[in-house]
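Here the protein sequences line up with chains L and B, keeping their order. Per my numbering, the very first residue in the first sequence carries number -13; after that it's consecutive. Per my numbering, the very first residue in the second sequence carries number 3; after that it's consecutive.
In the DSS-like style, the derived pairs of lysine-lysine whose C-alpha atoms are separated by at most 30 Å in a straight line are:
(1) L:-7 to B:105
(2) B:117 to L:130
(3) B:105 to L:133
(4) L:181 to L:62
(5) B:86 to B:58
(6) B:61 to L:1
In silico negatives: residues of chain B with every beta carbon more than 10 Å from chain L:
(7) 92
(8) 94
(9) 110
(10) 124
Honestly, the hints are just simulated from the structure, not real lab data. A virtual CB, placed ideally from N, CA and C, is assigned to each residue, including glycine.
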Amino acid sequence: MEVILMKELLEANDKLAEENRAYFSSRHLLAVNLMGSPGAGKTTLISAVARELPDIPVGVIEGDIASSIDAESLTKQGIPSSQINTRGECHLDSRVIRQGADRIDMRDGIVFIENVGNLICPAEFDLGENIRLLAASVPEGDDKPFKYVPMFSYADAVVLTKCDLRDAVGFDGPNFLRGLRAVSQAPVFEVSLKKGRDGEGIGAVAAYLREQYEALATGPREN
Amino acid sequence: MRPLLWLLLFRDPRGRNGPRGPGRKRMGRMGMHELPVVLDIIRVADEAAEKNGFRKITKIDLVIGELSSIVDESVQMYFEIAAKDGPCSGAELVFEHRPALLKCRDCGRTFPHAKSFCCPVCGGDSVLVKGTGREFYIRSVDGQT
Chain L
-13 MEVILMKELL
-3 EANDKLAEEN
7 RAYFSSRHLL
17 AVNLMGSPGA
27 GKTTLISAVA
37 RELPDIPVGV
47 IEGDIASSID
57 AESLTKQGIP
67 SSQINTRGEC
77 HLDSRVIRQG
87 ADRIDMRDGI
97 VFIENVGNLI
107 CPAEFDLGEN
117 IRLLAASVPE
127 GDDKPFKYVP
137 MFSYADAVVL
147 TKCDLRDAVG
157 FDGPNFLRGL
167 RAVSQAPVFE
177 VSLKKGRDGE
187 GIGAVAAYLR
197 EQYEALATGP
207 REN
Chain B
3 MRPLLWLLLF
13 RDPRGRNGPR
23 GPGRKRMGRM
33 GMHELPVVLD
43 IIRVADEAAE
53 KNGFRKITKI
63 DLVIGELSSI
73 VDESVQMYFE
83 IAAKDGPCSG
93 AELVFEHRPA
103 LLKCRDCGRT
113 FPHAKSFCCP
123 VCGGDSVLVK
133 GTGREFYIRS
143 VDGQT
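Produce the entire structure from the sequences given, and follow the hints as far as they go.
So, in structure tokens, the structure goes:
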């Protein structure tokens, strides 16, 4: 005998994501799920944005399968960070986010959730974030939007990093944009954040995030 | 937009028809996150069995969107292991894949993605309707009392 269920899977994750969403909202936090391949420049981007927004508190929930390299580095720069090690899980899920959030205990500002380096799985898991930000680097190639459709269609905004390497790798910008525009209307911010130099293009990313932060509802907050 | 480029889009993400040919099990990616999903499927099916007085679940119908990163073969593999000794043991998993929706840039019509990104009505280029093609749910279960 057939019984119709129409039951959502990943419901447990989505339910926790909504709880996270309510938590972030109650604390006036703009939660940014920052995704991208390993080495795309996610951590570097967070540091650069934090420097551009000295008047807005910035904290990080840092996801990696192992090590605390990123959280330690960010903490040294004065950015409160908590490290989550997934021990092999290829993405962050809602369950672990709250633990990280409790540890940094922020009451206002922008929380970056730096996801595990992965261009596939994180696009499946709502974490309760406000913004899905994708860091795509020039050396990865201009054809990635064609190949990784779930991720490129998931992002609310794309930061194209390492733009100083365009000529070196023969990056075809119009092709990248063609692939992206087929599946998304997300804005693209081009940056170049070489070590020891001022970040080019970071102003626009910071302005975008500032705008999103300022648009947060100013309703009753947890004190 | 050249047609060939569009063919690169939505190349079967599950690799069922990859270079090794159709039907060949994909050994490439170990779908780690299919395990919690499978445990969830079994939990839901077990609950349905109890609620309906089924001794055994014989079939589970799953609906998976084409942009979901859930891999059929990984679900099947974990299911066979995790369902042993329970009411779901030996149940057939049926995977129904749903296409993403596309919207024509010229005439505005919405249509399901088949092979091409061209509008079936006016032939114009289209874009993905954000959020579509991501379904993932149990449609139904079949059981025996």
